[in-house]
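As given, the protein sequences belong to chains H and F, one line each in that order. Mapping to our numbering: the first sequence position 204 is 204, numbers consecutive. Position in the second sequence (from 1) plus 321 gives the number in our numbering.
Check the hints yourself; a few may be wrong.
The calculated BS3-like cross-link candidates involving lysine-lysine, where the alpha carbons are at most 27 Å apart (straight line), are [stated by the list, open to error]: (1) H:LYS16 to H:LYS314; (2) H:LYS151 to F:LYS636; (3) H:LYS314 to F:LYS641; (4) H:LYS151 to H:LYS320; (5) F:LYS636 to H:LYS315; (6) F:LYS519 to F:LYS641.
It should be emphasised that the hints constitute simulated quantities derived from the structure, not laboratory data. All values reported here derive from a predicted model rather than from experimental measurement.
2 protein chains.
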Amino acid sequence: MAKIGIGVDVGGTSVKLGMFTRTGNLIKKWEIPTDRENNCANVLPDVAASIRKTLEEEGFSTEDLVGVGLGVPGPVQPTGYVEVCVNLHWKDRYPGRELSELLDGVRVEAGNDANVAALGEAWKGGGGGAADAVLFTLGTGVGGGVIVNGKIITGKHGLGGELGHMHVRDEETEYCNCGGRGCLEQVASATGIVREAKRILKKSSAESKMRELGDLLTARDVCDLGRDGDLLADEVMETVSRYLGLAISHVEMTVDPDVFIIGGGVSRAGSYLLEKVRKYYNDYTTLSRNHGNVVLAALGNDAGIYGAVRLVMKKAEESKG
Amino acid sequence: MAKIGIGVDVGGTSVKLGMFTRTGNLIKKWEIPTDRENNCANVLPDVAASIRKTLEEEGFSTEDLVGVGLGVPGPVQPTGYVEVCVNLHWKDRYPGRELSELLDGVRVEAGNDANVAALGEAWKGGGGGAADAVLFTLGTGVGGGVIVNGKIITGKHGLGGELGHMHVRDEETEYCNCGGRGCLEQVASATGIVREAKRILKKSSAESKMRELGDLLTARDVCDLGRDGDLLADEVMETVSRYLGLAISHVEMTVDPDVFIIGGGVSRAGSYLLEKVRKYYNDYTTLSRNHGNVVLAALGNDAGIYGAVRLVMKKAEESKG
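Make the full structure from the sequences, and use the hints.
Here's what the structure looks like:
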């Protein structure tokens, strides 16, 4: 009888894989490089071969699989169709169906990587098993994922959970990659934090260790310096936290989850960031003091493999009825 | 065999009732006054008696009922528990269970009236049967309802769909009833529109028919005058539409429904309002031109009875599995 699941998280430089029990215990995790030749045409065959090899090593076969969950860096329609996956140069494909064919017809469910990570964090990470959770991933950009009743809300046009492109800042003068002005991503991503720091340094003549770092300044530096008492760096993080708290309050008044989870590289700032974000979120959510909590992500780069396996396990349960 | 359903929409001055076929065809609708004596203690017995009387008149009995849906003006927890229903002075009750006991144990499902109206509009109103729809009700206040996969999102703390209390306006100086400043309700409710108009009249010396109306000015007047070319009134409606379009874009990036539905008294402004709202919503949603449409509500005051009957019919279907 089928007893294990595989979670796959396809990235532009490497593919992360994990083998799990039904209850979500990680048996083994490993990585393979993303073969970028021929518009990443070998990625799925490589994944299939690697899964077969690891199954064999551990004494399993594809018959022992409940299924394989697949996170891909692009929008996935409910049918499994991927119109375009920019980072992988994929176009007009059904990656889940293709991987299934490469694995003796085993069940494969594909989802967008940010959404799948949200499912993983809700299940086994910061969400601690919450059925309703929302993830904000603060990395180079700002991604997101909205989970209601244990299911990813992808939306009718693939915009569900695109939290980085909420318009939060009217006075923004530069354009976001999406063509808008004032997106959350422009201020709360790692890139946005550095930009904000440079703006403040230009405007103010106050002393700050950020100045000495010049063009080498990273979001990590801004967070670290802010926590260590650098006033200008702290001011940057106040601005970042205000807009993030505002965006969280918008989502709260829409779906009101159990928990909001802050992940991505910027979340390494930890409780220093968390306390600021909670303060502004509370300020913007006056209707009731009783609202969704804000916590830090707990799975790091493993959120994708956890979420991918959850995706396929849940579908398998549902189809059994 | 059970074949019909009853939708009940309890308001502070009257209770609306409707008798429906399984497919949502309205057989009959009627109203009874809300008896406000003894903290509205007689409301549910009155509703039960009225349902029994109408069933008998139409040749049915409680045995013919699939169930009764009940919309109440306050938060209803998933268990059916109502901690407080301010307008009716109800406290610490299970109105669904009580009504069921008064009707020979027939299935009764209770929900918040704004959420239930959203379900009605999604099913048989502006949503045209959409599984995913979001209603903004622009009345004395601004209410809302979020429907995903045909189900109301009430949220974990009752804040799901509280769209009127999204913070959209930083420069607001007055306080909202919720204690916040800059809520959507403060600008897009009927009350908010009049307030905005009075602000503009004070600030500007330009000619406007709004001035002649003085303290009699209503939101309806502002909409009508704006449509008829009064420049200041049109400016008010631009401001209102901008914030409403912004709030819609926030919800779009969170749950991305098929359709946004604008209801409530203010929505009588029709396409004049709709076009403005769509313009700002598009401006704030640059990530993709392909996003949820915005339409006008179609059921008026009947949205509640349609939604209530849908609520109980759907639960009955689900429990049959």
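Now for the hints, and whether the structure bears them out:
The straight-line distance between the Cα atoms of H:LYS16 and H:LYS314 is roughly 20 Å, inside the 27 Å bound, and the hint therefore holds. Between H:LYS151 and F:LYS636, the direct Cα distance comes to roughly 19 Å. Compliance with the 27 Å bound is thereby established for this hinted pair. The straight-line distance between the Cα atoms of H:LYS314 and F:LYS641 is roughly 22 Å, inside the 27 Å bound, and the hint therefore holds. For the suggested pair H:LYS151 and H:LYS320, the alpha carbons sit about 17 Å apart, so the restraint of at most 27 Å is met.
For the suggested pair F:LYS636 and H:LYS315, the alpha carbons sit about 22 Å apart, so the restraint of at most 27 Å is met. For the hint pairing F:LYS519 with F:LYS641, the CA-to-CA distance comes to about 55 Å; that exceeds 27 Å, so the pair is violated.
When each numbered hint is compared with the structure, a violation occurs for hint 6 only.
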